[in-house]
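S.K.: So the chains spell out like this:
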Amino acid sequence: MDKVEEGSKGREFAANLLRGMEVDLGEIDDALSSFEAKLNSLEERISSLEERVRKLETSIKGEGR
Amino acid sequence: MRGVISIHSYRGGTGKSTITANLAIALAQLGYRVATVDLDLSSPGLHVILNVNQSSLKGTLNDFIYGRCTIDGCVLDLTDHLGLANGSLMFIGSSMKPEEISQLMKRDYEESLFKRIAFEIDRKFGVDYLIFDTHPGLVEDTLLAVLSSDLSLIVMRMDRQDISGTFLLAKVLRRLNKVFYILLNMVPPEMAQMPELKEDVSNAIKAPVLGLIPFYDEVLSHRSKGAFILRHPKHVFSTTIYDIAKTISSW
Numbered sequence: 001m002d003k004v005e006e007g008s009k010g011r012e013f014a015a016n017l018l019r020g021m022e023v024d025l026g027e028i029d030d031a032l033s034s035f036e037a038k039l040n041s042l043e044e045r046i047s048s049l050e051e052r053v054r055k056l057e058t059s060i061k062g063e064g065r
Numbered sequence: 001m002r003g004v005i006s007i008h009s010y011r012g013g014t015g016k017s018t019i020t021a022n023l024a025i026a027l028a029q030l031g032y033r034v035a036t037v038d039l040d041l042s043s044p045g046l047h048v049i050l051n052v053n054q055s056s057l058k059g060t061l062n063d064f065i066y067g068r069c070t071i072d073g074c075v076l077d078l079t080d081h082l083g084l085a086n087g088s089l090m091f092i093g094s095s096m097k098p099e100e101i102s103q104l105m106k107r108d109y110e111e112s113l114f115k116r117i118a119f120e121i122d123r124k125f126g127v128d129y130l131i132f133d134t135h136p137g138l139v140e141d142t143l144l145a146v147l148s149s150d151l152s153l154i155v156m157r158m159d160r161q162d163i164s165g166t167f168l169l170a171k172v173l174r175r176l177n178k179v180f181y182i183l184l185n186m187v188p189p190e191m192a193q194m195p196e197l198k199e200d201v202s203n204a205i206k207a208p209v210l211g212l213i214p215f216y217d218e219v220l221s222h223r224s225k226g227a228f229i230l231r232h233p234k235h236v237f238s239t240t241i242y243d244i245a246k247t248i249s250s251w
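Just so you know, the protein sequences line up as chains X and U, in that order. With the numbering used here, the residue at position 16 of the first sequence is 16, and numbering never jumps. With the numbering used here, the residue at position 60 of the second sequence is 60, and numbering never jumps.
Treat the hints as calculated values from the structure; they're not laboratory data. Bear in mind the structure is a predicted one, so any value in this text is a computation, not a measurement. We put the beta carbon where it would ideally sit given N, CA and C, even for glycine. Worth double-checking, as some hints may not be accurate.
To be verified - Pair ranges (Cβ atoms, derived): (1) Gly83/U <-> Glu43/X: 39 to 45 Å; (2) Ser250/U <-> Gly62/X: 47 to 53 Å; (3) Gly20/X <-> Gly137/U: 46 to 52 Å; (4) Glu63/X <-> Leu220/U: 29 to 35 Å; (5) Gly83/U <-> Asp30/X: 48 to 54 Å; (6) His232/U <-> Ser59/X: 38 to 44 Å; (7) Leu25/X <-> Pro208/U: 21 to 27 Å; (8) His81/U <-> Val23/X: 39 to 45 Å; (9) Glu27/X <-> Asp243/U: 48 to 54 Å.
What the hints assert, rightly or not - Computed cross-link-like contacts, BS3-like style, restricted to lysine-lysine with a CA-CA straight-line distance of at most 27 Å: (10) Lys206/U <-> Lys178/U; (11) Lys38/X <-> Lys206/U; (12) Lys171/U <-> Lys225/U; (13) Lys106/U <-> Lys58/U; (14) Lys38/X <-> Lys198/U; (15) Lys58/U <-> Lys97/U; (16) Lys225/U <-> Lys97/U; (17) Lys38/X <-> Lys171/U; (18) Lys198/U <-> Lys225/U; (19) Lys9/X <-> Lys106/U; (20) Lys246/U <-> Lys225/U; (21) Lys58/U <-> Lys124/U; (22) Lys9/X <-> Lys171/U; (23) Lys9/X <-> Lys225/U; (24) Lys9/X <-> Lys97/U; (25) Lys9/X <-> Lys206/U; (26) Lys58/U <-> Lys225/U; (27) Lys246/U <-> Lys206/U; (28) Lys206/U <-> Lys234/U; (29) Lys198/U <-> Lys171/U; (30) Lys198/U <-> Lys124/U.
Please put together the full structure from these sequences, using the hints given.
M.R.: As structure tokens, this is what we get:
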């Protein structure tokens with residue numbers, strides 16, 4: 001653990017840090033869009049797998065009769 | 001001390017305080033000496049999950065900040081209160097008195113305050129882990145807590161607002177060269193089954209994912225009536241928290 005440093009005006013210090021940061025907001029939008037697309041594709045794959053399972057179950061039940 | 005951990009999130013309602021309380025207890029049950037501090041200064045609530053009444057706090061973080069008490073005057077040892085079989089858990093709560101919240105919001109404090117709190121707790125009680133439960137968002141108090149921590153966990157739901165906000169937080173923490181991990185919480189059950197989810201989130205946010213906690217009705221129904229992990233130690237939520245605690249303690 002570091003030794004405690006002396007200082008004052010904590011919030012002012014933190015606010016100055018934030019003020020000094022430039023963020024590309026477009027990058028955030030792009031990240032969200034591409035992640036959404038990935039999630040949608042995963043959800044579609046899961047739905048398709050669930051549909052295949054349902055069909056297999058129906059088919060197995062049919063053969064059992 | 002093995003480490004100072006801050007638990008954070010971009011938005012409120014992510015289950016940050018629930019995770020803080022349960023993770024602190026899990027680390028204690030693994031045999032560690034743990035302290036947790038409610039740094040959600042404008043809306044304290046960690047004490048409720050830890051089953052502590054505001055009126056039973058002999059001193060608060062507010063008292064310490066303004067020099068009205070020493071660190072041992074505001075630390076509450078919850079080890080027996082919670083019936084912990086192993087380790088120990090100490091707690092510093094924040095005041096819910098409106099005038100004290102207002103006072104703290106208006107006045108600044110020293111830059112090294114949270115480092116000093118960690119230093120003093122370690123010196124007096126010799127803890128292994130100190131966990132800060134912070135206020136959500138990109139606010140000054142939280143930034144100072146994160147800067148004073150060795151490790152930060154950002155709690156995130158699979159919600160568009162959380163995802164974009166966590167991306168921003170991750171960017172800020174990277175610029176500050178801080179070590180941090182994402183903790184996915186309240187993940188819809190069907191989504192929690194996706195094997196690639198953790199990797200996809202990690203790629204999207206550009207940060208490692210430490211754990212994934214699905215949404216459980218039982219946790220919601222528990223309504224913060226004490227720590228879930230103590231009431232339901234065998235529940236998957238609790239075992240997942242224990243796994244996260246074990247991972248952290250292995251570092």
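S.K.: Hint by hint, say whether it matches the structure.
M.R.: Each hint, compared with the structure:
no., hint, verdict
1, Gly83/U <-> Glu43/X: 39 to 45 Å, "43 Å, holds"
2, Ser250/U <-> Gly62/X: 47 to 53 Å, "51 Å, holds"
3, Gly20/X <-> Gly137/U: 46 to 52 Å, "18 Å, violated"
4, Glu63/X <-> Leu220/U: 29 to 35 Å, "42 Å, violated"
5, Gly83/U <-> Asp30/X: 48 to 54 Å, "50 Å, holds"
6, His232/U <-> Ser59/X: 38 to 44 Å, "40 Å, holds"
7, Leu25/X <-> Pro208/U: 21 to 27 Å, "24 Å, holds"
8, His81/U <-> Val23/X: 39 to 45 Å, "44 Å, holds"
9, Glu27/X <-> Asp243/U: 48 to 54 Å, "33 Å, violated"
10, Lys206/U <-> Lys178/U, "14 Å, holds"
11, Lys38/X <-> Lys206/U, "15 Å, holds"
12, Lys171/U <-> Lys225/U, "35 Å, violated"
13, Lys106/U <-> Lys58/U, "24 Å, holds"
14, Lys38/X <-> Lys198/U, "12 Å, holds"
15, Lys58/U <-> Lys97/U, "14 Å, holds"
16, Lys225/U <-> Lys97/U, "22 Å, holds"
17, Lys38/X <-> Lys171/U, "21 Å, holds"
18, Lys198/U <-> Lys225/U, "30 Å, violated"
19, Lys9/X <-> Lys106/U, "12 Å, holds"
20, Lys246/U <-> Lys225/U, "25 Å, holds"
21, Lys58/U <-> Lys124/U, "17 Å, holds"
22, Lys9/X <-> Lys171/U, "24 Å, holds"
23, Lys9/X <-> Lys225/U, "38 Å, violated"
24, Lys9/X <-> Lys97/U, "24 Å, holds"
25, Lys9/X <-> Lys206/U, "32 Å, violated"
26, Lys58/U <-> Lys225/U, "22 Å, holds"
27, Lys246/U <-> Lys206/U, "24 Å, holds"
28, Lys206/U <-> Lys234/U, "33 Å, violated"
29, Lys198/U <-> Lys171/U, "18 Å, holds"
30, Lys198/U <-> Lys124/U, "39 Å, violated"
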